[in-house]
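*Asks:* The working numbering applies: residue 3 is where the sequence shown begins, and numbers increase by one.
What the hints contain is simulated information worked out from the structure, not anything from laboratory work. Keep in mind that the hints are not guaranteed to be accurate.
Said to hold, decoys possible - Listed next, with one range per pair, are the computed distances between beta-carbon atoms:
(1) 229 to 13: 32 to 42 Å
(2) 239 to 11: 44 to 54 Å
(3) 167 to 43: 40 to 50 Å
(4) 136 to 245: 41 to 51 Å
(5) 105 to 12: 25 to 35 Å
(6) 50 to 310: 22 to 32 Å
(7) 229 to 115: 21 to 31 Å
(8) 11 to 381: 22 to 32 Å
(9) 231 to 343: 19 to 29 Å
(10) 380 to 351: 14 to 24 Å
(11) 351 to 12: 42 to 52 Å
(12) 307 to 381: 38 to 48 Å
(13) 69 to 136: 28 to 38 Å
It should be emphasised that the depicted structure is a prediction, and the values quoted were computed from it without experimental measurement. No residue lacks a Cβ here, since even glycine has one placed at the ideal position from N, Cα and C.
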Amino acid sequence: MTAGPRRVGGRYFVQNPGPTNIPDRVLEAFRRPAIDFADPEFVAMVDGIWRELPDIFGGADKVVALTTVGHGAWESALTNTLDPGDAVLIPDCGMFGRRWARMARELGYELVRNERHTRRRTEPSDIADILAADTAHRIRSVCVVHTETSTGAVVDLAAMRAAIDAADHPALFVVDGVCSLGIEPLQMRDWGIDVVLAASQKGLMMPPGLSFCALSERAIERNREVTTPRFHLAWGPRFEEGAIYHRFGGTPPIQHMFALREALDIIAETGGIEASVARHRRWAAAVHAAVDGWATAGPWEINIPDPEHRTAAITCVRTGDLDANPLISLARDRFNVSVGSAMLTELDGRAFRIGHLGDLNEPMLLGALGGIETAMTVLDLPRGEGLPPAIASLAATSGL
């Protein structure tokens, strides 16, 4: 076996768009001994979590937990709300929009697309004309990626809901919130969202392996009607009262539940979801300031030019004609800062992605930016100063 890079002491900075840094308290929760999932202590803990989850999503009527990653939640949302051969509209907004669309096609649904875009967010105009032209209402669901992790764009969900209403279209509004829950504003009830998907490894600060489908009454009613074959990812059996076994479609992920309890406690202790959203906005502004500083004497450019279209979760940095891979490797192997590579084929080797989400604070963020900047210096890459603008940004918002 070939040995990997030698790690020195101190923290390894996981500045990927996910998985993210995990709080020690959450890690310790995984170390708890196994417990009988029928034990009243465990059942009471899970019941408490289920009472809190609807508010985390901004007003869900029910929340389904799945022992799978976000792709499993995608599939669950499709198979539980669509009949065989139904049409589904999934905007082409980046890698995750494309993968969700490919999944829908492979599952036998008719796919409706818009014009491909990767440097802006999905706008209501991208879907409005399509829905207006669908007078037979063949499109049964509009599936939107809230934060596109490959590009760094975020969608205005309230405006998207308004576009669906303006077309007087009955399609369900389904949102991928994997990279936005706890990071971007998300008001499921107020914005008329029918399904929100989420996963554990981003804003919830946990390892991968747990995902959710938060549902409106409309989604629950549609679920009762559709006939697409499904079994383990079916929602219906998980609505049954009684045995906790049914709630998880099998053996509950006991350690993940211990960890989720700890993660929700941390979020509550630090001001709740609204405070979490505000922190992520501060961190994103600091990263944007750093990239703009680098760009004063180099080819660096934020992939999403319009600040209003940028997510608070991640920043995709284009590197012009420079190969991004040596920078990514050096930052990771010598300076213990892990950033994401480009996920779009059209940006292969010409971009990297900085995650600023999850378990993070200002010194950690500045340390990660410093590691990236040091790697640029070692590689003799042209750049302006990034750290001073980032520090100034954080200092200006320190009272928020």
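*Asks:* Which numbered hints turn out to be false for this structure?
*Replies:* Violated hints (numbers, rising): 1, 5, 6, 9, 11 and 12; every other hint is consistent with the structure.
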